Amino acid sequence: MELTYSNQLNDFDPEKRYRNPEHFDKPEAGVTRVAVIGDWPSVVNAYEAAGIDVSVKEAKRAQIVGAGNQAELEKVIAALRAEHGSIQILVDGLETGEINRPESGELALRLFVVLGNIHASVGELTTERDGLVLTVDALREEIGALKNASIKPPSDEAEEIAALKATLDEAKVQYRANASKESLEKLVAELTKE
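Residues are numbered in the working numbering as their position in the sequence shown, beginning at 1, plus a constant of 3.
Honestly, the hints are just simulated from the structure, not real lab data.
Okay, derived cross-link-like pairs now, EDC-like style, lysine to aspartate or glutamate, Cα gap no bigger than 20 angstroms in a straight line: (1) Lys19 - Glu31; (2) Lys168 - Glu185; (3) Lys29 - Glu5; (4) Lys189 - Glu163; (5) Lys29 - Asp56; (6) Lys78 - Glu109; (7) Lys175 - Glu163; (8) Lys184 - Glu162; (9) Lys60 - Asp14; (10) Lys29 - Glu51; (11) Lys189 - Glu173; (12) Lys78 - Glu106; (13) Lys189 - Glu160; (14) Lys60 - Asp16; (15) Lys60 - Glu18; (16) Lys19 - Glu5; (17) Lys175 - Glu193; (18) Lys184 - Asp172; (19) Lys63 - Asp42; (20) Lys189 - Glu162.
Derived DEER-like restraints, expressed as beta-carbon distance ranges: (21) Asn48 - Leu110: 30 to 36 angstroms; (22) Val117 - Leu137: 27 to 33 angstroms; (23) Val79 - Gly54: 39 to 45 angstroms; (24) Glu127 - Glu77: 44 to 50 angstroms; (25) Glu51 - Val136: 51 to 57 angstroms; (26) Ala141 - Glu25: 50 to 56 angstroms; (27) Val136 - Arg20: 47 to 53 angstroms; (28) Val117 - Ala81: 21 to 27 angstroms; (29) Val116 - Ala32: 42 to 48 angstroms; (30) Gly88 - Asp42: 19 to 25 angstroms; (31) Gly126 - Asn181: 56 to 62 angstroms; (32) Lys78 - Lys19: 38 to 44 angstroms.
What you are looking at is a predicted structure, and each value in this text was computed from that prediction instead of being measured.
For glycine and all other residues, C-beta sits at the position ideal for the given N, C-alpha and C.
Starting from the given sequences, assemble the full structure and let the hints guide the process.
Have a look at this one:
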């Protein structure tokens with residue numbers, strides 16, 4: 004299989020398989036030949052180390068049309084580099100768990116504000132979640148207390164019913180298995196009348 008590594012956005016050949024070299028981490032299995040368009044030494048070195056035939060083509064250079072003069076172009080490039088640097092500082096801070104406000108860069112400052120809002124929202128959600136956990140724990144304790152309160156220890160009444168049934172069994176008097184204490188007492192009272 005032949006792969007072409009290029010970060011082009013158009014003019015793809017439908018007969019070829021493309022990969023973006025910006026996302027390269029290791030050579031793919033089953034590749035027999037690689038074409039690299041542009042300066043991507045990590046791709047070239049990795050495939051050459053794996054013994055794969057690699058060809059390198061120079062990427063088309065983008066030409067900036069309409070730039071007034073070299074000084075204006077350098078000013079634009081400097082502004083882009085400063086913006087990139089501000090965003091890089093913001094990202095580096097985020098990787099360490101901090102949101103540091105960048106000194107400059109419109110995009111970096113906007114990103115800082117958005118991330119600050121997200122951070123605040125996550126904090127609110129965390130507080131809400133913790134409150135719900137406490138509520139759930141309190142409800143569990145209350146349910147446990149209610150369960151314990153509803154479990155009645157065997158009472159003297161159960162013993163009395165058993166004694167009444169034993170008396171009726173001895174006298175060979177029939178009664179319902181789920182007869183109430185009062186009905187059993189009436190049946191026993193009739194026995195003593197006889």
